[in-house]
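A.B. asks: So you can see what is in the structure, the chains are spelled out below.
Protein chains: 2
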Amino acid sequence: MSTARQHKIVLDESELPTRWYNVLHDLPTPPPPYLHPGTGQPVTPDDLTPLFPMALIAQEMSAEQYVDIPEEVLDVYKLWRPSPLYRAYNLERALGTPARIYYKYEGVSPAGSHKPNTSVPQAFYNKAEGITRLTTETGAGQWGTSLAFACAQYGLECEVWQVRTSYDGKPYRKMMIETFGGTIHPSPSELTAAGRAILAEHPDSPGSLGIAISEAVEVAAQDPNAHYALGSVLNHVLLHQTIVGEETLLQLAKVGETADVVIACTGGGSNFGGLAFPFLREKLAGRMSPVIRGAEPASCPSLTQGVYAYDFGDTAGMTPLMKMHTLGHDFMPDPIHAGGLRYHGMSPLVSHIYESGLMEAVAMTQTDCFAAGVLFSRTEGILPAPESTHALAEVVAEARRCAESGEAKVIVVGLSGHGHLDLPAYAAYLAGGMQDRTYADHEVQESVREALTKLPAIPS
Amino acid sequence: MSTARQHKIVLDESELPTRWYNVLHDLPTPPPPYLHPGTGQPVTPDDLTPLFPMALIAQEMSAEQYVDIPEEVLDVYKLWRPSPLYRAYNLERALGTPARIYYKYEGVSPAGSHKPNTSVPQAFYNKAEGITRLTTETGAGQWGTSLAFACAQYGLECEVWQVRTSYDGKPYRKMMIETFGGTIHPSPSELTAAGRAILAEHPDSPGSLGIAISEAVEVAAQDPNAHYALGSVLNHVLLHQTIVGEETLLQLAKVGETADVVIACTGGGSNFGGLAFPFLREKLAGRMSPVIRGAEPASCPSLTQGVYAYDFGDTAGMTPLMKMHTLGHDFMPDPIHAGGLRYHGMSPLVSHIYESGLMEAVAMTQTDCFAAGVLFSRTEGILPAPESTHALAEVVAEARRCAESGEAKVIVVGLSGHGHLDLPAYAAYLAGGMQDRTYADHEVQESVREALTKLPAIPS
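Line order of the protein sequences matches chains A and B.
With the first letter of the first sequence counted as 1, position 445 gets the number 446 in my numbering; the numbers rise by one all the way through.
With the first letter of the second sequence counted as 1, position 90 gets the number 91 in my numbering; the numbers rise by one all the way through.
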């Protein structure tokens, strides 16, 4: 060992990127438009005004290559950004690999994940347009915590519907949301028509992100002072996350590295897009040629097993129809511990990029993920979020392939957050009580797929 | 708001201090020696060899001004060090104070607190001398987690006795210790004579740090391959922590500031000493003139209410006698949420400095502490450890005094860790269910104080 080796590449606040990157500008073809479920026509900005402020709607539909980050947002970002990029020397040694592994760590944010990168601008733009209350859904709770933090920064009310399986299994997230001043309900709840309808049919429903979205959207649509905030999937969300990849490129350049493989976990797609899109820009411009790979859960594998079709973003069918990789909007994912990845669909933008052949995807089983998480914590010291362990499991696999082939690839991985509030998942893994189920175990699979392929043709 | 303002002062790894600072060298008078409980004579290095490696015993007794940090320790430190120093703009604004508040954040470490600053060198020196197993106690769990992490880095076994009230109330710490590969028991336990003796008399004992120390020491003393590791109190522990203050001085210099008030919470004294001792050096050398102030819990106020006398460090009376501020080694602190501050004594070094008039101390009630913690989380975004909120409560008080007087003091505060695993404490506070008890509520107070003053005279 030598003290000369550098574990962290840190940026000064003066080096914080001041623009978000819009990958739409550089794609060979544009993604299919969102459709109004009533008319079957592309949605207009007016269709979205009940839920979102104009600034975010404009970003959702923009094809400009860059969007300036407002000064007031940069000022809050600086509570934790720029985030560190680490060289994983200890993990490399444990794996006996010639690969050089770099991880971009977003767990330093107030909420402990990448999510505040978008919750902060979303709260800012809503506040600027006179909104006083935001509603949202959350799975594992990373997003709900992030929105509660952002609302505290700008003096907004925050109301969160959390998927019941996470609400019950990981109570610390609820406590953190309340500490930030937010309100939280388990979903499905009796507070909304969408929730009541689910509970009437499935009183013991573990909930899903799709159901929770329905509830939050319903409440926001009925209150003129409220808007809805989404933590993933949509273009503007992924736009905000690109600050992660932009910083990573600056940091790699500081140590003279370019990426050979970029790996990130994919649930709704925002963590993946945030890291990967700036690398995709470099690839499309011919300045770098990384393989870009998403890692999703085997039990909810929208990219690798879903169909590419128009579907709703929520369970009740209140959102626009989006062309995306989907397992069906009424698909009920297993209650795996990576709650942030329990979503039936995939960002339309990521789906389009996948269909365009610009990225790869792999599906990981839960036990492999936690094995990688434990290895990571004992070597690098950071306890990764269950979501992040999906990327780490693929890093372990790639690094072992490098060990066999002798290739000294540069692997860049997004470590989307810490797992401090997900420790019961680690305890379950260590106790040997964790079971793997894959998508093939779901009996509904074929009927859902068949129904889905018909959806785009549904008229008003 | 302007993006020109800098929230974080970060150091590059190349700026990491490479020496620990030994305040003993610069004190006007030396602290009284530790005494052997059997002979009443000063302890010798040989007395300590059953528990500690020679390198640490040498540091414990050294009067050299600086100790070089081994390369292998610096390499592990770099997994999180240098840690950031923040300017708390948002907190200042919320308090309407002209004071400039800087907080040094140790929650970025793998265990989430300042404790790995000493667990890493302790594990390293033990490994270097052939030890294969370390035992220890832990209160809230910060120290046990830190030692488990450090042992994972160097391939040592780690066995932790955790105070039962924390073991039961905050199960996530146990899970984290196990994820790092450690073993953990609630204390008092049936595994030791010390634990069995307590349980025989008090079957429902909530435990205390003093009892847990007795158990860990007993086990280490009986295994030639095992040593004991202490997370606070002793000179070598405080020595290792001085890297915190050394970094802080470098960071303040970068923005051209000198401290007027330095505030840190005090339990056993390691967090306080780590931040304060380098500032004390500057003060003694006439280069700076900060007020240095410890903030302790009102329910366990060793500095402000204890007597300065020779006492045992543990409950069973197995340690050397140390002259320190103590509430009596059989004092049972209330089960407050700041488990890391539930200790009957105070570091002999800190006690001596307090007696020398070189520092101040204040005692804070639990509800004031959590009020400050919630304010801090909603403004600065970081959820502080319950221990750290004691310092924050005093910062709030000092900043408000500045608001009244108009003084623009520079306040430097040690934020010793995050409170992610202490969220039930925040939930209890927010639910209004938290009660304040002070030392005066303890009926045993007078008899303990009387007994204590007689202790130094006890012969073998």
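Honestly, the hints are just simulated from the structure, not real lab data.
Do not take every clue at face value.
Remember, identical chains collapse to one label, so a pair may be satisfied in a single copy or spanning two.
[Claimed, not checked] Within a straight-line C-alpha distance of at most 25 Å, the following computed DSS-like cross-link-like pairs (lysine-lysine) qualify:
#, residue 1, residue 2
1, K255, K79
2, K324, K9
3, K9, K410
4, K410, K79
5, K128, K324
6, K9, K255
7, K9, K79
8, K255, K324
9, K79, K128
10, K284, K410
A.B. asks: For each hint, tell me whether it holds in the structure or not.
C.D. replies: Hints versus structure:
Taking the shortest Cα distances, K255 and K79 sit within 25 Å of each other both inside one copy (20 Å) and across copies (18 Å). Taking the closest pair of Cα atoms, K324 and K9 never come within 25 Å of each other, the shortest separation being 40 Å inside a single copy and 42 Å across copies. Taking identical chains as interchangeable, the C-alpha atoms of K9 and K410 lie at most 25 Å apart only when both belong to the same chain, with a minimum of 19 Å there against 33 Å between chains. For a Cα distance limit of 25 Å, the shortest separation of K410 from K79 across copies, 23 Å, qualifies, whereas the shortest one inside one copy, 32 Å, does not.
Within a single copy, K128 and K324 get their C-alpha atoms no closer than 30 Å, and across copies no closer than 58 Å, so neither meets the 25 Å cut-off. In this assembly of identical chains, the alpha carbons of K9 and K255 lie at most 25 Å apart whether taken from the same copy (11 Å) or from different copies (20 Å). In this assembly of identical chains, the alpha carbons of K9 and K79 lie at most 25 Å apart whether taken from the same copy (18 Å) or from different copies (7 Å). For the identical chains of this complex, K255 and K324 are neighbours neither inside a copy (39 Å) nor across copies (52 Å), given an alpha-carbon limit of 25 Å.
In this assembly of identical chains, K79 and K128 lie within 25 Å of each other by CA distance solely inside one copy; the values are 19 Å within and 40 Å between copies. Proximity of K284 to K410 under the C-alpha cut-off of 25 Å is restricted to the intra-copy arrangement: shortest distance 16 Å within a copy versus 51 Å between copies.
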